[in-house]
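Colleague: Sequence:
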Amino acid sequence: MARKQDPFFPSIGSAVEQVDRLPEEDEPKPVDVDGAQPKTENEDDEDRPLKEMSSLCMACGEQGTTRMLLTNIPYFREVIVMSFRCEHCGNQNNEVQSAGMIRDQGVLYTAKILIRSDLNRQLVKSSHCTISIPEFELTIPPGQGQLNTVEGIIRDTIRDLSADQPLRRIQDEETWRKLEAVLEPLKEIVRYDEDDEDAVEGPGRDAEADAEEKLARPFTIKVDDPAGDSFIEFIGSMKDPKWSMRTYNRTLEQNIAMGLVAAKEESEKAEGAKDDAEGEEDEEKKEGEEIYVFPGICSSCGHAIDTKMKKVIIPYFKDIFIMSTNCDRCGYRDNEVKSGAAISEKGRKITLRAEDAEDLSRDVLKSETCGMEIPEIDFVLQPGTLGGRFTTLEGILNQVYEQLSEKVFAGDSSRQDAGEFTTFLGKLKKVMAAEHPFTLILDDPLANSYLQNLYAPDPDPNMKVEMYERSWQQNEDLGLNDMKVEGYEEGEKETQAKAA
1 MARKQDPFFP SIGSAVEQVD RLPEEDEPKP VDVDGAQPKT ENEDDEDRPL KEMSSLCMAC
61 GEQGTTRMLL TNIPYFREVI VMSFRCEHCG NQNNEVQSAG MIRDQGVLYT AKILIRSDLN
121 RQLVKSSHCT ISIPEFELTI PPGQGQLNTV EGIIRDTIRD LSADQPLRRI QDEETWRKLE
181 AVLEPLKEIV RYDEDDEDAV EGPGRDAEAD AEEKLARPFT IKVDDPAGDS FIEFIGSMKD
241 PKWSMRTYNR TLEQNIAMGL VAAKEESEKA EGAKDDAEGE EDEEKKEGEE IYVFPGICSS
301 CGHAIDTKMK KVIIPYFKDI FIMSTNCDRC GYRDNEVKSG AAISEKGRKI TLRAEDAEDL
361 SRDVLKSETC GMEIPEIDFV LQPGTLGGRF TTLEGILNQV YEQLSEKVFA GDSSRQDAGE
421 FTTFLGKLKK VMAAEHPFTL ILDDPLANSY LQNLYAPDPD PNMKVEMYER SWQQNEDLGL
481 NDMKVEGYEE GEKETQAKAA
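For the sequence shown, the positions run 1 to 500 when the UniProt record's numbering is used.
Everything labelled a hint here was simulated from the structure, so no lab data went into it.
Cβ coordinates follow ideal geometry from the N, Cα and C atoms, glycine included.
Any given hint could be a false lead.
Restraint-style ranges between C-beta atoms, simulated for each label pair [stated by the list, open to error]:
1. Gly90 <-> Asp156: 16 to 26 Å
2. Gly90 <-> Ser162: 17 to 27 Å
3. Pro166 <-> Leu252: 40 to 50 Å
4. Glu469 <-> Pro437: 22 to 32 Å
5. Lys310 <-> Gln165: 44 to 54 Å
6. Lys346 <-> Tyr248: 32 to 42 Å
In silico lysine-lysine, BS3-like type, Cα no more than 25 Å apart, as pairs [unchecked claim]:
7. Lys464 <-> Lys349
8. Lys430 <-> Lys222
9. Lys338 <-> Lys318
10. Lys318 <-> Lys349
11. Lys429 <-> Lys239
12. Lys349 <-> Lys338
13. Lys427 <-> Lys214
14. Lys310 <-> Lys338
15. Lys308 <-> Lys338
16. Lys311 <-> Lys338
17. Lys427 <-> Lys239
18. Lys464 <-> Lys214
19. Lys464 <-> Lys346
20. Lys187 <-> Lys214
21. Lys318 <-> Lys308
22. Lys429 <-> Lys222
23. Lys464 <-> Lys338
24. Lys346 <-> Lys308
Given these sequences and hints, build the entire structure.
Modeller: Here's what the structure looks like:
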């Protein structure tokens, strides 16, 4: 099952083995071959990557040994690996802590585990990190920091959940059945043997063939860390089609939980924000940027929430309304963009030849009636997909990637075509990184979509805008054929006269 180890991601086990081969402090230090003076004790201590200290064992009360190792994870950061062992009672544990500064944003890593070698991805879990596997409705809450693999995390979960199962079967059979429904597929994935927990390979199995074996139940693992101190390994490079990363701003509750903001400041900040809002209300009204708030009900959890709406003026285009809904209880979020102008008489087709990373920073308004195409990778997004979006070209491609990676591997048919989808996602990641020129086509029959012109008000040499007459079928799909905007008063008067 083991895949060939990436030289950029040496396992922590191999690092510890190298450390164990270092001479102990009480052993005589070797003399340099060229006759130079050996290092002093202090110099040698500073160069040693492993630090040892005596610590109290919380199990037996005797003195154990804690080892600390500072190691660097490429493309991530430096971490401190701590390991404790008591020679008296055998108690041992390990923990991982970040050795860097607190990041400004949280991070969410998503990895698709499709073949058996994907289980070997290394994973750093900080004390603030939550790991979830949506397919099994499994969530591992924040706890002690760990440096492990995906398979190791699953094995630890199986071991923890199985600990009291015999007792639950007698005292609470319903809970026992629910846990068994989660444990059975997890055991099947890692070939868990209760008699020999370390058994991974079956006798006579080909390691390379086993590594490429498709899992009977592929799944998605999400690593969500508001502190930004967690990480899951990608294969090859960050263009790994089965791996993605997204950063986000922490909420006030997350900052309080991490100890970055005192809880008592919440009310003070709320009062200050209220005073600031009242002071800026008149200014907002003068500038025409008033934010409207509409009370409603969350469609996910049913609690009361507010939908905020604001008018935005896009230069050289038209006015739009951006509506945002955020639920603080369940985390549900929804954004929608609506046009603030009349229905256009013609449709609009925008064609952009994107050549470099600068084009990815263009603002994009995609209405819910707009379709999107990238011919070079055979990508077609039908109207209505993703709804209305106002973001950048890079942002909308990231949203497309996240939506596809969430859905393409779900279901039996998707598993059969997993290889094709993986290839397509790899092509999409190259487009997201602007590795080669590509063509973006936005086709909106209502002309409510927009792509920023970097040369405005002059024409953009890389962008072509065409206005076209809508077909009868397009008008029918949009409900325009039956829409009467002139002389509708006559029909209403006739109806009232007949009623009289």
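Colleague: Each hint: holds or not?
Modeller: Hint by hint, here is what the structure shows:
no.	hint	verdict
1	Gly90 <-> Asp156: 16 to 26 Å	18 Å, holds
2	Gly90 <-> Ser162: 17 to 27 Å	21 Å, holds
3	Pro166 <-> Leu252: 40 to 50 Å	43 Å, holds
4	Glu469 <-> Pro437: 22 to 32 Å	31 Å, holds
5	Lys310 <-> Gln165: 44 to 54 Å	53 Å, holds
6	Lys346 <-> Tyr248: 32 to 42 Å	39 Å, holds
7	Lys464 <-> Lys349	8 Å, holds
8	Lys430 <-> Lys222	22 Å, holds
9	Lys338 <-> Lys318	11 Å, holds
10	Lys318 <-> Lys349	16 Å, holds
11	Lys429 <-> Lys239	6 Å, holds
12	Lys349 <-> Lys338	18 Å, holds
13	Lys427 <-> Lys214	22 Å, holds
14	Lys310 <-> Lys338	10 Å, holds
15	Lys308 <-> Lys338	13 Å, holds
16	Lys311 <-> Lys338	10 Å, holds
17	Lys427 <-> Lys239	9 Å, holds
18	Lys464 <-> Lys214	45 Å, violated
19	Lys464 <-> Lys346	16 Å, holds
20	Lys187 <-> Lys214	16 Å, holds
21	Lys318 <-> Lys308	20 Å, holds
22	Lys429 <-> Lys222	19 Å, holds
23	Lys464 <-> Lys338	24 Å, holds
24	Lys346 <-> Lys308	30 Å, violated
Checked against the numbered hints above, the structure violates hints 18, 24; every other hint is satisfied.
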